[in-house]
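Q: Below, each chain spelled out in residue letters.
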Amino acid sequence: MRLDLSHIQRWIAPGSRVLDLGCGDGVFLEFLRDQRQVRGTGLEIDQDYITAAISRGINVVEQDMDEGLANFPDQSFDTVVLALALQAVNYPDRVLEEMLRIGREGIVTFPNFGHWRCRLMLGIRGHMPVSSFMPYTWYNTPNIHFCTVQDFEDLCRSKGIRILARDVVGNTKRQPLLSNKWPNLFATTAIYHITR
Amino acid sequence: MSSLEHSHSVGIVVPKIAHFDEPLSLTCGRSLPGYELAYECYGELDEHRSNAVLICHALSGNHHAAGYHSPDDKKAGWWDECIGPGKPIDTNRFFVVCLNNLGGCHGSSGPSSINPATGKPWGPDFPPMRVRDWVHSQARLADYLGIECWAAVVGGSLGGMQAMRWSLEFPQRIKHCIVIAAALKLSAQNLAFNEVARQAIESDPEFVGGKYQERNTIPARGLALARMIGHITYLSDDAMANKFGRDLRSGSLGPGEVANAEFQVQSYLRHQGSQFSGSFDANTYILMTRALDYFDLALEYSNDPVEAFRHARCRFLVVSFSTDWRFAPERSREIVNALLAADRPVTYAEIEANEGHDAFLMPIPRYLDVFRAYMLRVGKNH
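If you read the sequences in order, they're chains R and S. Going by the numbering used here, 67 is the number at position 56 of the first sequence; the sequence numbering is gapless. Going by the numbering used here, 309 is the number at position 204 of the second sequence; the sequence numbering is gapless.
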């Protein structure tokens, strides 16, 4: 399983209701269903992912979250997950607010643009960062709203969103120490458990 | 013939008739003392009787959904693209049942069959049908076939409305509900088109108040016109543009032309109309359009589809097509949103397709992929 997903599964209670925004091929919801008896629904716009999720027996709804999530009632899920998709939506702030309207809790993971490699590429080499993790060129990328760990925490503060827990993924084995201590510099992926 | 040798066909099928003697109470307050249902089956019922799939037909459909009636049959059943060995509704796995609905004109009791009380054709006196009545008659057919619970009830358009009604009327007897290109109820525009179709039939002098059978006439022109109107609503602007554009069948639009030029689309529609009027009953068309008009899933549930779907116990697949303007994707999203709000498991796909409402009958690759992927989980636990 993708590293950020294996980190967040412990925050999801057995038997709870989970909405996965951008559920991909449904592998995470499948895991939660089989291991945690979670009742899940996924949102997705990629056609191949939708078919793959259906094949896994996942309830997947073809819907573009950039067009809103108003069709989901208030507090209709226990947890709403947004994994590696925050940077790809038109209005990340609105999506966060919607997540916590629809769910009691939210889980957000995103690539940290404050990572030292990003800074190096931009600061020293003068180029937008391209890596195996963010392999796109600046002009052809689904990722339109990059932020750093600090930016995200500032946004939560200004929106009155409570951070229940923060976790990070570094890019080498040595780095958990560093990335836990200085996440803004060493986390490749930031992981947040949030609520109102 | 080659189409029969095709390994993805169910092959030659023989329609059957089931007789029912127990009266069926109808929504209109009347009851049918006894009736017959014409149906076809494909595939084998398994020993647990757990692999049965019911196909509900749309406005002008019938029980012949797949395969051929004879070796020189030119056309396969109306949903042959989706039913057969290796097809989305895989007859190697499922026992598929499709019937002609009550009020139909292809073998089930309807306006053109004999009213036992008078010895004459029912004609316009055949009781009006509601989708709910069909669902109850289908449940009787399930009893007759020894099917306690359907693995899935599947339908497109008006058939999708029957599938949804099943989920509410018999929540314990349906595991999956597959609703394709349907709506919770008709819009004013939908109602308007149906009214024009009925007026076309009723204003044909040969209709004689629906008693045409007794007079040995057929309101062929009215019925053809009704079909032409309906047919326009089944196609998208794009589909018509691609198929016909402004191509001429005869004449020319150049200066000095005396005779009227005829567009391809005109002759196509006339052909569709006249074919239909030779094979369909006018009273049935009126009855079916009324059933469609009166369908309103949530009417008895305080007009709240969320409240309605709370009664369902099955899982749902909802599918719509981008250029369908008869039951547009927005209408399917109303179904999906009500299901989400009612906390029912739902999967929804919106298929890019040029074919308009008719797309649900077409072999559109993504549609078949989604349909097949979903059917693979039917019979499993999720």
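Rather than coming from a laboratory, the hints here were simulated on the basis of the structure. These numbers come from a predicted model, not from an experiment. Errors might be hidden in some of the hints.
To be verified - Covered stretches of chain R (chain S as the covering partner; in silico rule of three or more C-beta atoms under 8 Å from a C-beta of chain S):
hint : region
1    : 81 to 88
2    : 145 to 155
Unchecked claim - Label-pair ranges, simulated between beta-carbon atoms:
hint : chain 1 : residue 1 : chain 2 : residue 2 : range
3    : R       : Q46       : S       : M345      : 48 to 54 Å
4    : R       : Q46       : S       : P468      : 37 to 43 Å
5    : R       : K170      : S       : D398      : 47 to 53 Å
6    : S       : H153      : R       : N151      : 35 to 41 Å
7    : S       : G361      : R       : E78       : 53 to 59 Å
Claimed, not checked - Selected chain S positions facing chain R (Cβ under 7 Å, derived; list incomplete):
hint : residue
8    : Q277
9    : A446
10   : V475
Cβ coordinates follow ideal geometry from the N, Cα and C atoms, glycine included.
Q: Measuring from beta carbon to beta carbon, are K170(R) and D398(S) in 47 to 53 Å?
A: This hint holds: roughly 48 Å between Cβ atoms.
Q: Would the hint on A446(S) be counted as holding, given a Cβ-Cβ threshold of 7 Å to chain R?
A: Nearest chain R Cβ about 5 Å off; hint holds.
Q: A range of 48 to 54 Å was offered for this pair. Does it hold for the Cβ distance of Q46(R) and M345(S)?
A: Holds: the Cβ-Cβ distance is about 51 Å, inside 48 to 54 Å.
Q: Given a hint of 53 to 59 Å, does the C-beta separation of G361(S) and E78(R) actually sit inside it?
A: Because 54 Å falls inside the window, the suggested range holds.
Q: If you take the shortest Cβ to Cβ gap from V475(S) to chain R, is it below 7 Å?
A: Cβ of V475(S) sits 6 Å from chain R, so the hint holds.
Q: Cut-off 8 Å, C-beta pairs, minimum 3 residues; does the coverage of the region 145 to 155 of chain R by chain S stand?
A: violated (count 0)
Q: Using the Cβ atoms, figure out if Q46(R) sits within 37 to 43 Å of P468(S).
A: holds (38 Å)
Q: Mind checking, does the region 81 to 88 of chain R have 3 or more residues with a CB under 8 Å from chain S?
A: Contact hint for the region 81 to 88 of chain R vs chain S: holds, 4 residues under 8 Å.
Q: Holds or violated: is the Cβ of Q277(S) closer than 7 Å to a Cβ in chain R?
A: The hint is violated - Q277(S) has no Cβ within 7 Å of chain R, the shortest such distance being about 20 Å.
Q: Mind checking the hinted window 35 to 41 Å against the Cβ distance between H153(S) and N151(R)?
A: violated (53 Å)
Comparing the model with each numbered hint stated earlier shows that hints 2, 6 and 8 do not hold.
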